[in-house]
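Visitor: So you can see what is in the structure, the chains are spelled out below.
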Amino acid sequence: MGKNSKDMAVKRLKRVLTVDKVNPSSVRLGEILKSDLVLLFSNYMEVKNLNVDIDFDQNGVCYIAVNAASDKLKNFSVLL
Amino acid sequence: MARRIVICSGKGGVGKTAVCANLGMSLAKMGQRTVLIDTDIGLNNLDVAMGVENKVVYDIIDVIENRCRVKQALITDTMYDNLCTLATHGQATNKITGANIKHIVNSLSENFDYILLDCPAGIEVGFHRAVAASDEAIIVTTPHISAIRDADKVISILNNYMINNMSLVINRVRGDLILNYEMLDVGNIVELLGVYAVGVIPENDDISAYASMGVRLKNGSTALEAFDILAKNLINGTRKIYDCTSKFKGVIGKIRRNIKRMV
Numbered sequence: 000m001g002k003n004s005k006d007m008a009v010k011r012l013k014r015v016l017t018v019d020k021v022n023p024s025s026v027r028l029g030e031i032l033k034s035d036l037v038l039l040f041s042n043y044m045e046v047k048n049l050n051v052d053i054d055f056d057q058n059g060v061c062y063i064a065v066n067a068a069s070d071k072l073k074n075f076s077v078l079l
Numbered sequence: 000m001a002r003r004i005v006i007c008s009g010k011g012g013v014g015k016t017a018v019c020a021n022l023g024m025s026l027a028k029m030g031q032r033t034v035l036i037d038t039d040i041g042l043n044n045l046d047v048a049m050g051v052e053n054k055v056v057y058d059i060i061d062v063i064e065n066r067c068r069v070k071q072a073l074i075t076d077t078m079y080d081n082l083c084t085l086a087t088h089g090q091a092t093n094k095i096t097g098a099n100i101k102h103i104v105n106s107l108s109e110n111f112d113y114i115l116l117d118c119p120a121g122i123e124v125g126f127h128r129a130v131a132a133s134d135e136a137i138i139v140t141t142p143h144i145s146a147i148r149d150a151d152k153v154i155s156i157l158n159n160y161m162i163n164n165m166s167l168v169i170n171r172v173r174g175d176l177i178l179n180y181e182m183l184d185v186g187n188i189v190e191l192l193g194v195y196a197v198g199v200i201p202e203n204d205d206i207s208a209y210a211s212m213g214v215r216l217k218n219g220s221t222a223l224e225a226f227d228i229l230a231k232n233l234i235n236g237t238r239k240i241y242d243c244t245s246k247f248k249g250v251i252g253k254i255r256r257n258i259k260r261m262v
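Protein chains in written order, with numbering that gives the first Met the number 0: chain C, 0 to 79; chain P, 0 to 262.
Rather than coming from a laboratory, the hints here were simulated on the basis of the structure.
Some hints could be false.
Unchecked claim - Computed cross-link-like contacts, BS3-like style, restricted to lysine-lysine with a CA-CA straight-line distance of at most 27 Å:
id, chain 1, residue 1, chain 2, residue 2
1, P, K10, C, K13
2, P, K152, C, K20
3, P, K239, C, K73
4, P, K259, C, K2
5, P, K152, P, K217
6, P, K231, C, K2
7, P, K253, C, K5
8, C, K13, P, K239
9, C, K5, P, K94
10, C, K10, P, K152
11, P, K10, P, K239
12, P, K259, P, K248
13, P, K231, C, K10
14, C, K13, P, K231
15, C, K2, P, K217
16, P, K248, P, K231
17, P, K10, C, K5
18, P, K217, C, K5
19, C, K71, C, K47
20, P, K253, C, K20
21, C, K5, P, K231
22, C, K2, P, K246
23, P, K152, C, K5
To be verified - Anything over 12 Å on all C-beta distances counts as not near chain C; from chain P, calculated:
id, residue
24, G30
25, R66
26, I103
27, G121
28, P142
29, L157
30, N179
31, Y180
32, N187
33, K239
As the list claims (entries may be wrong) - DEER-style ranges, computed between Cβ atoms:
id, chain 1, residue 1, chain 2, residue 2, range
34, C, D6, P, G11, 26 to 32 Å
35, C, D52, P, I144, 40 to 46 Å
36, P, K101, C, S69, 31 to 37 Å
Cβ coordinates follow ideal geometry from the N, Cα and C atoms, glycine included.
Okay, chain P solo, but in the shape it has when bound (with noise of 0.2 Å):
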């Protein structure tokens, strides 16, 4: 059986299908079978942050309409054989339901070991279309006050719901402005929410510009690491956490901050 788990925020913007996608790949690369659902239906984006917007076929809707079968939907991805990608298209509808949705992932569930759902931005009809399909859930946040009180609401909202696990990746975090005293450390975010830390995502040039060129990262990015390190978290149950503070500590690191700051 597959753990089903739906990566959400409430804010948009926060890095919901970049954590989706790349906590994919590491996952595959780990060896397990992974599948990614985009469940944003009218404003979809994973095919895009996998770079298989091109080898988009079939979609959710066509396997919910019965047009094909879930096989036939799942996009292999080029890298990792154990990795598939189930795509949306971009027209709104609300004919779907979350029992549509809950009845794919049971489908896949015997032939994956993750399989993680793109969740909308908001807590509206898509929101809780993929938490009604969901056993656990990653809340995406990112050390600002808005996004902060966002997924505040939705831990709220996930309450209500049979959801066994929550946690939090905390994305976009700056090791410098944490040092500065100019940024929330995740110690603060996790005892405001009251829900553990599962991920800790740095902010990463590489992010936004590999996921515009549609190419993966690169080893030895930060980024990578600390993807690899959530990977492994969710599968052995562990809370290692990737400091972002750490290249900024020391004199060298200090050096490195005042440049930030200039720059």
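Bound conformation, chain C alone (with noise of 0.2 Å):
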């Protein structure tokens, strides 16, 4: 046993606790984050499709991915 066993047990909590707070919460997370960017892109686009990937990695960072779709973007000059 060594310094290692400790920094094993130390990434082992990392990721049993992260993993409990990222089942329960992501996916709420997911739906509200989603409903928010339909709002946001509806004021540029009609969105046909929108998926909000959230994953955590080990070391507890979370990453974010948006995969919209949309056929009719605003013209830019009804933007302006």
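With the hints in hand, could you dock these two chains into one complex?
Guide: Written out as structure tokens, the structure is:
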């Protein structure tokens, strides 16, 4: 047993705590973000499809990927 | 107005009742008027930890159900006049609410400086009952992944309550294992849970041995020293931490560590 085993335990604990937080909250957070983003995007386009993926790495860093599809973008002159 | 502090953990067996009892004794020793309330209805043990199990006439359920007044149910400690225990009984009941406990705590608030509520394990109704009556929380954990994980969940739940101050007591810490990198140290736990440590209690055979005999920790015991530091931190708002590793450092300490490993 050495310093590595302690580091391993810390990493394992970090992972456990992160997973505990991610599972219940990421789905709900994703839904809230999605509704906000639909509002935001609809100022500029008709949103056809919107996907929000939330992922956490082992260090608890959150990555949010937004994939939006639209076939009707507003005319730039209308926006101005 | 008394400070109302719930002693909780999530995981069972981490030493909530022992921390509650010994912290209460240290606070009383320092002149603070302290009352300990057992809210673990059905699995009551605070009376045993305090050595007053033979003195229980009325308990918290009798108070709630109006069979006696709060003062009649308080058991004064044999060693400290300013320390009282409010026991509960062994029959589980779901009739008691958080409001009932809060009412009792409010009625005691003017006559005491500290009200410590010994919370049941888990995050079921008993936990919420105790937390609802408190303003502050001490989360007891051990340096083991399962206990820390449960403490983290409890902290998340406590964030939804009006708890002003949350702090950690890390119990059963072994300095020899920390120095051998076989146990998480206090810094790791505090960093991961994001709550400051108000006390660190070393693993000490005296705690369980004396508790079984119904005797108090003796002067000179490392556990007693650690509980006194915890009580001082609570009173003065300081953050001094008992160093569990000190006697295992240096050449003699290394020999101690090796002997402990062999035993």
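Visitor: All the hints need checking, so say for each whether the structure fits it.
Guide: Quick rundown of the hints versus the structure:
At roughly 18 Å between alpha-carbon atoms, K10/P and K13/C fall within 27 Å of each other, so this suggested pair holds. A C-alpha spacing of about 9 Å is found between K152/P and K20/C, which places the hinted pair at or below 27 Å, so the restraint holds. A hinted pair counts as satisfied when its Cα atoms are at most 27 Å apart, and K239/P with K73/C does not qualify at roughly 62 Å. With a C-alpha separation of about 19 Å, the suggested pairing of K259/P with K2/C holds against the 27 Å cut-off.
The straight-line distance between the Cα atoms of K152/P and K217/P is roughly 35 Å, outside the 27 Å bound, and the hint therefore fails. Restraint check for K231/P and K2/C: the C-alpha separation of about 33 Å exceeds 27 Å, so the hint is violated. With a CA separation close to 19 Å, the supplied pair K253/P and K5/C stays within the 27 Å bound. Proposed proximity of K13/C and K239/P is supported: the alpha carbons are some 26 Å apart, at most 27 Å.
Taking the CA atoms of K5/C and K94/P, the gap is near 46 Å; set against the 27 Å cutoff, the hint is violated. For the hint pairing K10/C with K152/P, the CA-to-CA distance comes to about 18 Å; that is within 27 Å, so the pair holds. Among the hinted pairs, K10/P with K239/P is consistent with the structure: their alpha-carbon atoms are about 25 Å apart, no more than 27 Å. Restraint check: the Cα-Cα separation between K259/P and K248/P comes to about 13 Å, which is no more than 27 Å; the hinted pair holds.
This hinted pair does not check out: K231/P and K10/C have alpha carbons roughly 33 Å apart, beyond 27 Å. Note on K13/C and K231/P: the hinted pairing is violated, with a Cα-Cα distance of about 31 Å set against a maximum of 27 Å. Between K2/C and K217/P, the direct Cα distance comes to roughly 36 Å. Violation of the 27 Å bound is thereby established for this hinted pair. Distance hint between K248/P and K231/P is fulfilled; the C-alpha atoms sit about 26 Å from each other, no more than 27 Å.
Distance restraint check for K10/P and K5/C: the Cα-Cα separation of roughly 22 Å lies within the 27 Å cut-off, and the hinted pair is therefore satisfied. For the given pair, K217/P sits about 34 Å from K5/C by alpha-carbon distance, which is inconsistent with the 27 Å threshold. Under the criterion of a C-alpha separation no larger than 27 Å, the hint pairing K71/C with K47/C is consistent with the structure, at around 9 Å. Restraint check for K253/P and K20/C: the C-alpha separation of about 40 Å exceeds 27 Å, so the hint is violated.
Among the hinted pairs, K5/C with K231/P is inconsistent with the structure: their alpha-carbon atoms are about 31 Å apart, more than 27 Å. A hinted pair counts as satisfied when its Cα atoms are at most 27 Å apart, and K2/C with K246/P qualifies at roughly 20 Å. For the proposed pair K152/P and K5/C, the alpha carbon gap of about 23 Å is at most 27 Å, so the pair holds. Distance check on G30/P: its Cβ is at least 39 Å (rounded) from any Cβ of chain C, clearing the 12 Å threshold; non-interface status holds.
Every C-beta of chain C lies more than 12 Å from that of R66/P, the closest at about 42 Å, which supports listing it as non-interface. Every CB of chain C is more than 12 Å from the CB of I103/P (nearest about 34 Å), matching its label as outside the interface. At roughly 16 Å, the least C-beta separation between G121/P and chain C is larger than 12 Å, which holds for a residue marked as non-interface. Not every C-beta of chain C lies more than 12 Å from that of P142/P, the closest at about 9 Å, which undercuts listing it as non-interface.
Every beta carbon of chain C lies more than 12 Å from that of L157/P, the smallest distance being close to 15 Å; the non-interface claim holds. Non-interface call for N179/P relative to chain C: violated, since the shortest CB-CB distance, roughly 6 Å, does not exceed 12 Å. Not every CB of chain C lies more than 12 Å from the CB of Y180/P, the least distance being 4 Å, so the non-interface label is violated. At roughly 5 Å, the least C-beta separation between N187/P and chain C is not larger than 12 Å, which violates its mark as non-interface.
Look at K239/P: its CB is around 25 Å from the nearest CB on chain C, clear of 12 Å, so calling it non-interface holds up. The hint said 26 to 32 Å for the Cβ distance between D6/C and G11/P, and at roughly 29 Å that hint holds. Taking the beta carbon of each, D52/C and I144/P are about 29 Å apart, not inside 40 to 46 Å as hinted. Our hint of 31 to 37 Å for K101/P and S69/C is violated, since their Cβ atoms are close to 54 Å apart.
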